[in-house]
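Undergrad: This is what each chain is made of:
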Amino acid sequence: MSLTAKDKAAVKDLWAKISGKADDIGQDALSRMLVVYPQTKTYFSHWKDLSPGSAPVRKHGKTVMSGVADAVSKIDDLTSGLLNLSELHAFQLRVDPANFKILSHNILVVLATMFPNDFTPEAHVAMDKFLSALALALSEKYR
Amino acid sequence: MVQWKAEERAAIQAVFAKLDYESVGRETLTRLLVVYPWTRRYFGGFGNLFNSEAIMANPKVAAHGIVVLQGLEMALKNMDDIKNTYASLSELHSEKLQVDPGNFQLLGDCLTVVIATRMRTEFTPDIQAAWQKFLAVVVSALRKQYN
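In order, the protein sequence lines correspond to chains S and E. Here full-length UniProt numbering is used: the first residue of the first sequence is 1, the next is one more, and so on. Here full-length UniProt numbering is used: the first residue of the second sequence is 1, the next is one more, and so on.
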């Protein structure tokens with residue numbers, strides 16, 4: 001299910017509309033992930049405060065979304081573009097790749113709450129495909 | 001048996017209270033058929049499902065969206081025994097409709113997204129958690145009769 005030209009255009013189009021709120025999106029998606037899927041908290045035992053909107057959650061939301069922004073700019077070759085990030089996740093963070101799907105779902109939910117008119121069914125499918133492709137690129141170095 | 005906290009029951013009631021079955025049902029099914037196009041295999045008798053405009057305008061999609069939400073309402077009214085409430089629905093989906101149960105999750109995700117567009121910031125993380133727990137119980141009940 002690779003990204004068609006239409007998908008890439010839809011992703012860039014949507015990204016142009018939402019990138020101004022990237023930090024808020026990241027913070028909200030991460031907050032929801034930690035509340036709705038409490039097992040994901042196991043990766044953040046070193047944080048003082050895991051509650052929605054807390055300082056570590058806000059900071060990490062920014063980090064995650066700058067990764068997504070980077071991926072948008074490298075949409076034509078995610079695998080090579082995200083090699084370093086893949087190594088980070090594979091060898092250092094060792095996040096179970098099943099969790100990429102969980103975070104992606106919460107990003108989509110946040111986009112739905114914040115941009116209900118722009119997040120059309122077409123934008124939804126393109127974004128879902130993009131985040132899946134992103135997750136696949138992140139998993140590249142795992143084994 | 002599933003345990004529901006008072007806040008969870010309240011959250012799920014709150015989501016349903018604002019649900020426009022016609023609008024939400026139609027958009028949910030539209031998103032399912034657009035975002036996960038292989039699900040069109042189950043709707044051969046629905047006519048034109050070739051693109052999102054056609055799907056959105058399709059009267060059979062609209063009618064079926066309402067049917068799905070009415071089914072969910074049954075679970076809402078019987079939250080303490082969803083498993084038994086859904087026994088015949090589960091049999092229907094497995095024996096007659098022969099739906100791959102993986103699709104229940106996909107429909108649930110689409111419904112969650114549509115509810116998010118309607119409720120916006122009112123769809124808080126806590127309400128989302130309760131709502132997704134409810135959907136998980138519904139999906140599990142629908143899977144029960146598959147063998």
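Do not take every clue at face value.
To be verified - With a cut-off of at most 30 angstroms between alpha-carbon atoms, the simulated DSSO-like pairs for lysine-lysine come out as follows:
| hint | chain 1 | residue 1 | chain 2 | residue 2 |
| --- | --- | --- | --- | --- |
| 1 | S | Lys48 | E | Lys83 |
| 2 | S | Lys74 | S | Lys8 |
| 3 | E | Lys133 | S | Lys59 |
| 4 | E | Lys18 | S | Lys21 |
| 5 | S | Lys21 | E | Lys60 |
| 6 | E | Lys133 | S | Lys41 |
| 7 | E | Lys60 | S | Lys129 |
| 8 | S | Lys101 | S | Lys62 |
Claimed, not checked - So these bits of chain S aren't anywhere near chain E, every CB distance computed over 12 angstroms:
| hint | residue |
| --- | --- |
| 9 | Ala16 |
| 10 | Pro52 |
| 11 | Ser66 |
I should point out that these hints are in silico values taken from the structure, not numbers from a laboratory. Here the structure is a predicted model, which is why all the values come from computation and not from measurement. Using N, Cα and C, we set each Cβ at its ideal position, and we do this for glycine too.
Undergrad: Next step is simple, just say for each hint if it's right about the structure.
TA: Status of the hints after comparison with the structure:
This hinted pair does not check out: Lys48 (chain S) and Lys83 (chain E) have alpha carbons roughly 40 angstroms apart, beyond 30 angstroms. Our distance criterion of 30 angstroms between C-alpha atoms is met by Lys74 (chain S) and Lys8 (chain S), whose separation comes to about 10 angstroms. At most 30 angstroms may separate the alpha-carbon atoms for a hinted pair to count; Lys133 (chain E) and Lys59 (chain S) meet this at roughly 28 angstroms. Proximity of Lys18 (chain E) to Lys21 (chain S) is assessed by CA-CA distance (about 27 angstroms); at most 30 angstroms being required, the pair is judged to hold.
At roughly 38 angstroms between alpha-carbon atoms, Lys21 (chain S) and Lys60 (chain E) are farther apart than 30 angstroms, so this suggested pair is violated. A threshold of 30 angstroms between alpha carbons decides the hint, and for Lys133 (chain E) with Lys41 (chain S) the separation of about 17 angstroms falls inside it, so the pair holds. Simply put, Lys60 (chain E) and Lys129 (chain S) have alpha-carbon atoms about 27 angstroms apart, close enough for the 30 angstroms limit, and the pair holds. Only pairs whose Cα atoms come within 30 angstroms are accepted, and Lys101 (chain S) paired with Lys62 (chain S) is accepted, the gap being roughly 19 angstroms.
Taking the minimum C-beta to C-beta distance to chain E, about 20 angstroms, the non-interface status of Ala16 (chain S) holds against the 12 angstroms cut. With a minimum CB-CB distance of about 5 angstroms to chain E, Pro52 (chain S) fails to clear the 12 angstroms threshold, and the non-interface call is violated. The Cβ of Ser66 (chain S) lies farther than 12 angstroms from every Cβ of chain E, with a closest approach of about 22 angstroms, so its non-interface assignment holds.
Going through the hint list in order, the structure does not satisfy hints 1, 5 and 10.
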